[in-house]
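Undergrad: Sequence:
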Amino acid sequence: MDDGVAMKTTLNFDEHAQAIAKRQYFLPTDNTVYDMFQRVAEWVAKPEKARAKSKYTKEFYNLMASKSFCPGGRVLAGAGTQHGNVLNCFVQDGSPEPVASNEWVLNLATKLALVTKVGGGNGLNLDPITPKSSYNKKTGQIFLTIADDHSDFDKVKTGTYMDLVHGAYTVKGYRIAKFIRQNEAVNTIKIQVGDSVEGIWQAASEMIPHLLAGQDVLLDLTDLRAEGTAVNGSGGSSSGPSSFAVEVFDNFAFWASLGAADYAGPVATLRYIFAPTLRVIRQGGTRRGAGMATMSITNPDIVDFVTSKDLEREQKEGDISTFNISVLVDDAFMQKAKEEKSGALLDIANHAWQTGEPGLIFIDRINQFNPMREALGDIKATNPCVTADTWVSTHVGPQQVKNLIAKKFCAVVDGKNYSVESNGFFSSGIKQVFKLKTKRGYELKLTGNHKLKKLTNITRHKQEAQWIELDELEAGDKIVLQNHRNIKAWIAKGSRIEGWLLGSLVGDGTFITDKAKPMAALDFWGKQKQALAGFAQRALENLDIDAKLWITNSDEKIRLSSVALASLAAKYDIKHGKKQLTDKIEEASYEFYQGFLSGLFDADGSVQGSQEKGLSVRLAQSDLELLQRVQRMLARLGIMSTIYPERRPSGKRLLPDGKGGQKLYQCCADHELVISNDNIAVFKELVDFVDSNKNSKLLKSLNSYKRELNKERFYDEIVSI
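Just so we're on the same page, our numbering is the position in the sequence shown counted from 1, plus 1089.
None of these hints come from the bench; they were simulated from the model.
Please read these numbers as outputs of a predicted model, since none were measured by experiment.
Every residue, glycine too, gets a C-beta built ideally from N, C-alpha and C.
Any given hint could turn out to be false.
In the BS3-like style, the derived pairs of lysine-lysine whose C-alpha atoms are separated by at most 27 Å in a straight line are [unchecked claim]:
| hint | residue 1 | residue 2 |
| --- | --- | --- |
| 1 | 1786 | 1646 |
| 2 | 1606 | 1646 |
| 3 | 1156 | 1646 |
| 4 | 1616 | 1582 |
| 5 | 1702 | 1582 |
| 6 | 1800 | 1505 |
| 7 | 1261 | 1405 |
Now the in silico label distances, taken between C-beta atoms and shown as ranges [unchecked claim]:
| hint | residue 1 | residue 2 | range |
| --- | --- | --- | --- |
| 8 | 1429 | 1619 | 17 to 23 Å |
| 9 | 1552 | 1182 | 47 to 53 Å |
| 10 | 1794 | 1604 | 35 to 41 Å |
| 11 | 1442 | 1182 | 43 to 49 Å |
| 12 | 1270 | 1552 | 52 to 58 Å |
| 13 | 1545 | 1160 | 22 to 28 Å |
| 14 | 1184 | 1160 | 29 to 35 Å |
| 15 | 1260 | 1789 | 43 to 49 Å |
| 16 | 1429 | 1225 | 36 to 42 Å |
| 17 | 1159 | 1502 | 23 to 29 Å |
With these hints in hand, go ahead and build the complete structure from the sequences.
TA: Here's what the structure looks like:
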């Protein structure tokens, strides 16, 4: 029947749009953008009466083909598929299994895996899980095996897999599992693991009761497809048997050793069951999953929950980075906290300040305005939320988003000021948050619909770019970095000389705590120790503070100790046990930046290379986070750099023993920040060295150049999302 609706077929999508559509949304049956539109339109019209389907298919198709309307990416990718998922977010529980049972927990884990496989985010509430208690029974041993001729044999044997959280291969090994070859006989219960999400989690579920009964279990992974093999229904690829061996079977077995659902508690269940599930399943077949876990403030394990993502705990017990965590608080709790002005709320705020977690969810207010409350009950969990710790350049210096909520400000983009007409940032809904990492070491946390400038064409003299949502970017894409070479010096806290003193302290200083008042000490070594110590002494004397100094002079070094310097450091949150680059340092003035970076490079920096071998200014540190902060500070001055992690691995090294000799000491890994190309000249102009040897070497090297330094192009390559 002719319904009078013509189909638009003129190709009006450029090659970039077609490439993105093919990469992100095409199914195997889609050869063109119009095939995709046809599939989506037929799916949309499917509920219509038979005689109207053709009409509505054409009308919806024409809306998309003419660029009048386009549904969300999840609809483009999911319409007409076998799995049928066109939603972004799901809140899950373990029903229909008995609440808080092993079956309930493992069924919930299976649901998380299945939803993550088709691109969905997950929210869950931990309150139904039995609180933590001690478990002293011995559980069975888990053994893992795989055929010798399987292409991933060596990875399974060593516990090596692609860690989607960090975007790199890691040899993680096994916490509790043991690997054996197939010809090694063991008296165990054997489970053949099926090659599907259901099969993998079913095998894990079968394993748990046997381990709890003290029986040994052998899991055969031979049937699992190799890493990188296509995954039916998701359009992506498998993370491989080694990832499931480490993340699923080893972690689940460790959870069983803690007593499983009856004893392990909600936090251990999150750490060893739910978080590994999201780590190992590639969301939509391409990237790790994301989730939100909530717990009521009245839960007996609330302290365990609030501290669960502390850095020390994550390093010791295991990673929960695939989940944001939030505490459900009601009006009664908030009123009590207001009256007492102490207790749990301050503990929550303190941990949120330290790690960005947990968040607060005002559950009474949410349910008050929940239109589905009567039909479906109270809301217990939400989906992941964007973090508020993002740094933004403003006319008064760098600020974090959390300090700009409901405030008008002037943003600085590519060195130019732009007034924000609205009331600044505002608290938004719950969304998944991803971490983007670049080849040069820059990192950014943002939501999937956040746009970045992607380079579409680059020549010697020209760059072309367009704004692309994160969901449509992938590793290998090149993105534009801000160019702050023309930024106007901002006015904020701190002078250049204060910055130099604190940069020297962070780089090569220490705190003295066994005196009547805490003191900070600067140590100067080598041929320039007299000159640098003299500069530091004059700097302290010129400050409007009590500059009484204790000077210790030896053949090896000169030490300047000062109560006033410790007081100055405390104003920037630098103190004993926290000799680090802090948020208050990043919020300081333009002149403070210049001084701080100069002092730090005087202490730990170097000038290396030549025109022939490549000139560079370098900063070596064992503290990777410090280098990342330095990289941000340099970039705000228009100086771009590259971080090379683990340039020298951890291990024992010969170092001065303080007695004129040398001794082997256990040392952390060394990381290095490198400034090259014309960024070196900008460094010389804006930062420079006070150390005359380093200053002279840099100046001589720059003057020896017979041609211009290579220009910074202000772009970088994505290595992981």
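Undergrad: Any hints this thing doesn't respect? Which numbers, in order?
TA: 3, 4, 5, 8, 10, 11
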